[in-house]
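There are 2 protein chains.
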Amino acid sequence: MIRFDSTHALLQANWQQAMAPRLAAAHESLLFDADAGVNATGWLRQPESMDLRLLNHVRAAARQIRDDSESLIVIGVGGSSLGARAALHFLQGPHHTLRHRPRIFFAGDTLDPAALTELLELAASGDFSVNIVSKSGATLEPASVFRLFRTLLEKKYGPGGAAKRIYATTDPEKGLLRAMARENGWTTFPVPSDIGGRYSVLTPVGLLPMAVAGADVAAVLAGAREEMEKLLSNRSMNNAAWCYAGARNALYENGRRTELLISTCPSFAAMTDWWKQLFGESEGKEGGGLFPAAASFPGDLHSLGQFIQDGTPLLFETVVRIDRPLASLKLPAASGDGLDFLTGRELGEVTERILDGVLLAHTEGGVPNLLIRVPALDEASFGALVYFFCLSCALSGTLQGVNPFDQPGVETYKKKVSELLGRPTS
Amino acid sequence: MIRFDSTHALLQANWQQAMAPRLAAAHESLLFDADAGVNATGWLRQPESMDLRLLNHVRAAARQIRDDSESLIVIGVGGSSLGARAALHFLQGPHHTLRHRPRIFFAGDTLDPAALTELLELAASGDFSVNIVSKSGATLEPASVFRLFRTLLEKKYGPGGAAKRIYATTDPEKGLLRAMARENGWTTFPVPSDIGGRYSVLTPVGLLPMAVAGADVAAVLAGAREEMEKLLSNRSMNNAAWCYAGARNALYENGRRTELLISTCPSFAAMTDWWKQLFGESEGKEGGGLFPAAASFPGDLHSLGQFIQDGTPLLFETVVRIDRPLASLKLPAASGDGLDFLTGRELGEVTERILDGVLLAHTEGGVPNLLIRVPALDEASFGALVYFFCLSCALSGTLQGVNPFDQPGVETYKKKVSELLGRPTS
Chain A
1 MIRFDSTHAL LQANWQQAMA PRLAAAHESL LFDADAGVNA TGWLRQPESM DLRLLNHVRA
61 AARQIRDDSE SLIVIGVGGS SLGARAALHF LQGPHHTLRH RPRIFFAGDT LDPAALTELL
121 ELAASGDFSV NIVSKSGATL EPASVFRLFR TLLEKKYGPG GAAKRIYATT DPEKGLLRAM
181 ARENGWTTFP VPSDIGGRYS VLTPVGLLPM AVAGADVAAV LAGAREEMEK LLSNRSMNNA
241 AWCYAGARNA LYENGRRTEL LISTCPSFAA MTDWWKQLFG ESEGKEGGGL FPAAASFPGD
301 LHSLGQFIQD GTPLLFETVV RIDRPLASLK LPAASGDGLD FLTGRELGEV TERILDGVLL
361 AHTEGGVPNL LIRVPALDEA SFGALVYFFC LSCALSGTLQ GVNPFDQPGV ETYKKKVSEL
421 LGRPTS
Chain B
1 MIRFDSTHAL LQANWQQAMA PRLAAAHESL LFDADAGVNA TGWLRQPESM DLRLLNHVRA
61 AARQIRDDSE SLIVIGVGGS SLGARAALHF LQGPHHTLRH RPRIFFAGDT LDPAALTELL
121 ELAASGDFSV NIVSKSGATL EPASVFRLFR TLLEKKYGPG GAAKRIYATT DPEKGLLRAM
181 ARENGWTTFP VPSDIGGRYS VLTPVGLLPM AVAGADVAAV LAGAREEMEK LLSNRSMNNA
241 AWCYAGARNA LYENGRRTEL LISTCPSFAA MTDWWKQLFG ESEGKEGGGL FPAAASFPGD
301 LHSLGQFIQD GTPLLFETVV RIDRPLASLK LPAASGDGLD FLTGRELGEV TERILDGVLL
361 AHTEGGVPNL LIRVPALDEA SFGALVYFFC LSCALSGTLQ GVNPFDQPGV ETYKKKVSEL
421 LGRPTS
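In the order they appear, the protein sequences are chains A and B. In terms of the working numbering, the numbers along the first sequence are unbroken and rise by one, the last being 426. In terms of the working numbering, the numbers along the second sequence are unbroken and rise by one, the last being 426.
No wet-lab data here; the hints were simulated from the structure. Be careful, since some hints might not be right.
[Stated by the list, open to error] List time: in silico DSS-like cross-link candidates among lysine-lysine, alpha-carbon distance up to 25 Å:
#  : chain 1 : residue 1 : chain 2 : residue 2
1  : B       : Lys-330   : A       : Lys-416
2  : A       : Lys-174   : A       : Lys-164
3  : B       : Lys-174   : B       : Lys-414
4  : B       : Lys-416   : A       : Lys-330
5  : A       : Lys-414   : B       : Lys-174
6  : A       : Lys-330   : B       : Lys-155
7  : A       : Lys-155   : B       : Lys-155
8  : A       : Lys-415   : A       : Lys-174
9  : A       : Lys-330   : B       : Lys-415
10 : B       : Lys-164   : B       : Lys-174
11 : B       : Lys-414   : A       : Lys-330
12 : B       : Lys-416   : A       : Lys-156
13 : B       : Lys-330   : A       : Lys-415
14 : B       : Lys-174   : B       : Lys-415
15 : A       : Lys-174   : A       : Lys-330
16 : A       : Lys-330   : B       : Lys-156
Since the structure is predicted, the reported quantities are computational estimates derived from the model, not experimental observations.
Whole structure, please, built from the sequences with the hints as guidance.
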């Protein structure tokens, strides 16, 4: 479903031949590890291994929340929230809280008192539920935010009523949050222990918020499964994930140091935040890796366009284009504004021409351009795109010679913060 | 008001002495150009040259919009909208459309049919007005979006009623939009012809939306004026703008290629988009310049933190910290979550300790760190910060040896797009 085009990558003619054997080795190594049950590779077969009972449990909880709540507060940080947030925007647009019920708010990425006070007030203004997403339950920011909302729930509904409105997505066995959920009788969902946070969108981490939003989660999984079957069985440079992983590594080896993921519609923009974590945390180690940045076109052409065209030549663009626009909108007639050449034309088509013009200008300016084409802004495409990016990232990190599933550098600051805050060591 | 700290810049001890004479020359050159009325330097004295009648005109229009509109659609792109959007978030938080009336929506940065259909429906659901912001009126995206909303206004209120709800911020004399406003009797506000888009926040471009949001625009200008007086009269490395411009150039000359502006509260995050345009478009030329990127802490520590700590050593951090939190919020007591060491503590203070820990970890990891301290999330601080960034950027571009006020690279793609769309050449 996902198509990839490296025509404008500005790479040497033979780059694919040079990359193919390395990609073949990376591909076999991933499959071998997944089949052997090696840690952190559970996502590779996840779209087909999802338990139907679990899916029904997710749907039932979502129905309950849709019935009894005007808002759902999803509390998580990093991989525990970026994927669900991406899905909400992808399927319902950036104004989803103004247009849909229940309103779904994301929290856990800040302890800012004003932002949290505002969100507590928004939640308290109607009936609400909480989905706390944390593998261990020990991460400082979401745990603190959860304590605030749990206290509010208990004040509003009493301890028994609150317990019915808390949904914990966490490790199936271990950890503080699992223990609290057991003790208090909260509804729980497992994060499989062999799937890391940034690869977990297609588990209950992402699926529960999507289902609460009314999305067809079976269609999300079906899209991912179709993409998985296509990609895992194709051992050639026609494999979109091979080609993306290979091209970005070839550009990196040619001296490019920043990948700019370009969103071409507002519904996709939030997915760039999830993508930044996926690639940045998987590859940004041992003093290497492409810096992951994002921009939105056409808006940012009036902001970053100058730098892209004429600035330090360190970056390449990866443009995500959506084939089937969600709506039809033609420019009406009007006078005096010099736009008569556009009257009656579809704005989706105008956007395509803008993107074509930008591609010409930027590649003439020496900026390599990769293109990812997604069929539509629907559930199946979202699932397929998530799988495509996860596989591309795992292959790409393997090519780069790093472990794409760990994040050792994150421990350094956590240790310092724990010392400064006087956190007891466990 | 704005304080700057380069203690952790990881620069050689004598960097300030080396930069000071270059900064002195850049400072004098800017002042000379502004006093001589050279093109694009009008912003340098703008905080004191603002006409009181114009300010009252802005306030009167804002009162009218607040009286007769549930929504205001601000249509602009790049410098015509990023500053106002930054101000709204800075002063009212990221959820401002859920919490304040009139709701202020920004449009003009996309022609996406679904996003525009949604926004047209949101606008049409109540009374609304439009502020079209475009120096020429000829920029493709905002002009097209304006045509859509103007058509909707005329359908809803008739041509006469629509004309009373259109506010055009544009060139004082020239251009398509000025001519249309004259012909149709729209209320207009001038963008001074000697101030470029990205330096125009403190003109009606930014001030009208701020006033509609209920902000004290005189306080914004007073904050900017105070900062201007302090910075223009201080010819030393104690000048915060000298020091910021000098440090980022010294880091650039040491091989750093990306500046990561770190937002430490959700209200500041939108300002990083304005900052990216300001610096990226001013300096990203002639094959040089720092790539401007942004992140939010603590959230993005769980996303980009790994890359910052251990990835390709091309970046430095510029952290913006707000001294006075807007609210007080203490962590309540609860059991089982392992957070008892935080019970009763202010979350603003906890955030400060997280930022302190991150600073230690990242500088130990060799990542240079610059610190900007802002007094509060209020009007005076916003005005001061805008002025500080504009002056720092103009000095910094001058140090780099480029013209910080042009954007020649943007023309390349515009030409291609015009060809592809069959736009008549004028």
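Hints and how they fare:
no.	hint	verdict
1	B:Lys-330 / A:Lys-416	holds (22 Å)
2	A:Lys-174 / A:Lys-164	holds (22 Å)
3	B:Lys-174 / B:Lys-414	holds (21 Å)
4	B:Lys-416 / A:Lys-330	holds (22 Å)
5	A:Lys-414 / B:Lys-174	violated (56 Å)
6	A:Lys-330 / B:Lys-155	holds (16 Å)
7	A:Lys-155 / B:Lys-155	violated (49 Å)
8	A:Lys-415 / A:Lys-174	holds (22 Å)
9	A:Lys-330 / B:Lys-415	holds (23 Å)
10	B:Lys-164 / B:Lys-174	holds (22 Å)
11	B:Lys-414 / A:Lys-330	holds (21 Å)
12	B:Lys-416 / A:Lys-156	violated (59 Å)
13	B:Lys-330 / A:Lys-415	holds (23 Å)
14	B:Lys-174 / B:Lys-415	holds (22 Å)
15	A:Lys-174 / A:Lys-330	violated (55 Å)
16	A:Lys-330 / B:Lys-156	holds (19 Å)
This entry does not satisfy hints 5, 7, 12 and 15, going by the numbered hints stated previously.
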